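Colleague: Chains A and B, in that order, give the protein sequences. The opening position of the first sequence corresponds to residue 11 in this note's numbering, with each subsequent residue numbered one higher. The opening position of the second sequence corresponds to residue 797 in this note's numbering, with each subsequent residue numbered one higher.
Bear in mind the hints are in silico, worked out from the structure with no lab data behind them. As the structure is a computational prediction, the values presented were derived from the model and not from experiment. Possibly wrong hints are sitting among the right ones.
[Claimed, not checked] Here are some, though not all, of the chain A residues that point toward chain B, as calculated from beta-carbon distances under 10 Å:
1) N41
2) L58
3) A95
4) D105
5) K106
Glycine included, every Cβ here is placed at the ideal spot set by N, Cα and C.
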Amino acid sequence: SQQGEEDPQALSIQEGENATMNCSYKTSINNLQWYRQNSGRGLVHLILIRSNEREKHSGRLRVTLDTSKKSSSLLITASRAADTASYFCAARGDDKIIFGKGTRLHILP
Amino acid sequence: EPEVTQTPSHQVTQMGQEVILRCVPISNHLYFYWYRQILGQKVEFLVSFYNNEISEKSEIFDDQFSVERPDGSNFTLKIRSTKLEDSAMYFCASWGRGPGYTFGSGTRLTVV
Numbered sequence: 011s012q013q014g015e016e017d018p019q020a021l022s023i024q025e026g027e028n029a030t031m032n033c034s035y036k037t038s039i040n041n042l043q044w045y046r047q048n049s050g051r052g053l054v055h056l057i058l059i060r061s062n063e064r065e066k067h068s069g070r071l072r073v074t075l076d077t078s079k080k081s082s083s084l085l086i087t088a089s090r091a092a093d094t095a096s097y098f099c100a101a102r103g104d105d106k107i108i109f110g111k112g113t114r115l116h117i118l119p
Numbered sequence: 797e798p799e800v801t802q803t804p805s806h807q808v809t810q811m812g813q814e815v816i817l818r819c820v821p822i823s824n825h826l827y828f829y830w831y832r833q834i835l836g837q838k839v840e841f842l843v844s845f846y847n848n849e850i851s852e853k854s855e856i857f858d859d860q861f862s863v864e865r866p867d868g869s870n871f872t873l874k875i876r877s878t879k880l881e882d883s884a885m886y887f888c889a890s891w892g893r894g895p896g897y898t899f900g901s902g903t904r905l906t907v908v
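Let the sequences and hints guide you as you build the complete structure.
Modeller: Here it is in structure tokens:
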């Protein structure tokens with residue numbers, strides 16, 4: 011499967027610091043997506059990077075993709091308390107996305 | 797902003813009972829999905845649905861599961877005879893060739 015696997019599993023940082031989460035996947039993909047999930051809530055799409063792209067920005071988010079290493083990273087700059095959530099990468103091969111286990115991000119005041 | 801709506805938000809059912817989880821996808825989307833998330837675990841793919849038929853399903857989606865789009869708006873997931881291990885959050889998603897999928901808020905299914 012094109013399952014994504016994130017690391018670290020959990021990350022605690024001070025407000026204002028940058029948070030970096032990594033993801034690896036197993037097979038070829040069309041694109042890789044990052045989602046956010048607040049506790050007990052649904053998944054919210056954050057950003058998509060296509061297989062022919064290497065880096066993408068959206069606001070405080072920066073995503074990189076290295077298809078040779080089958081890995082991606084999500085950087086959240088200048089973190090805020092409201093960024094506390096779980097973050098999942100999701101690899102899209104054919105017509106479905108496969109999620110990784112997620113990184114639980116906790117922003118400390 | 798268009799939303800995917802799921803009902804009910806929480807359902808408790810006796811083991812062995814049938815449940816139907818309901819979803820109203822975004823109206824102009826053509827691809828529909830069900831995922832589930834057992835508490836504290838990852839989000840697992842169940843089934844994808846396009847052009848009124850299942851396009852792909854996972855090993856989890858066995859004969860106890862079925863999906864239906866009975867009219868132009870609803871998309872349902874039926875579990876015929878629930879087991880304790882079916883307890884999870886069930887998420888519906890739709891996709892209209894945009895940048896990402898739109899997920900509903902989920903139905904928390906508790907089988908007792």
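Colleague: Look at each hint and say if it fits the structure.
Modeller: These are the hints, each one checked on the structure:
Annotation: interface hint on N41(A) holds; nearest CB of chain B at approximately 9 Å, less than 10 Å. This hint holds: L58(A) has a C-beta 5 Å from the nearest C-beta of chain B, less than the 10 Å allowed. With its C-beta approaching chain B no nearer than about 14 Å, A95(A) sits outside the 10 Å limit, and its interface hint is violated. Interface restraint check for D105(A): the shortest CB-CB distance to chain B comes to about 6 Å, inside 10 Å, so the restraint holds.
This hint holds: K106(A) has a C-beta 5 Å from the nearest C-beta of chain B, less than the 10 Å allowed.
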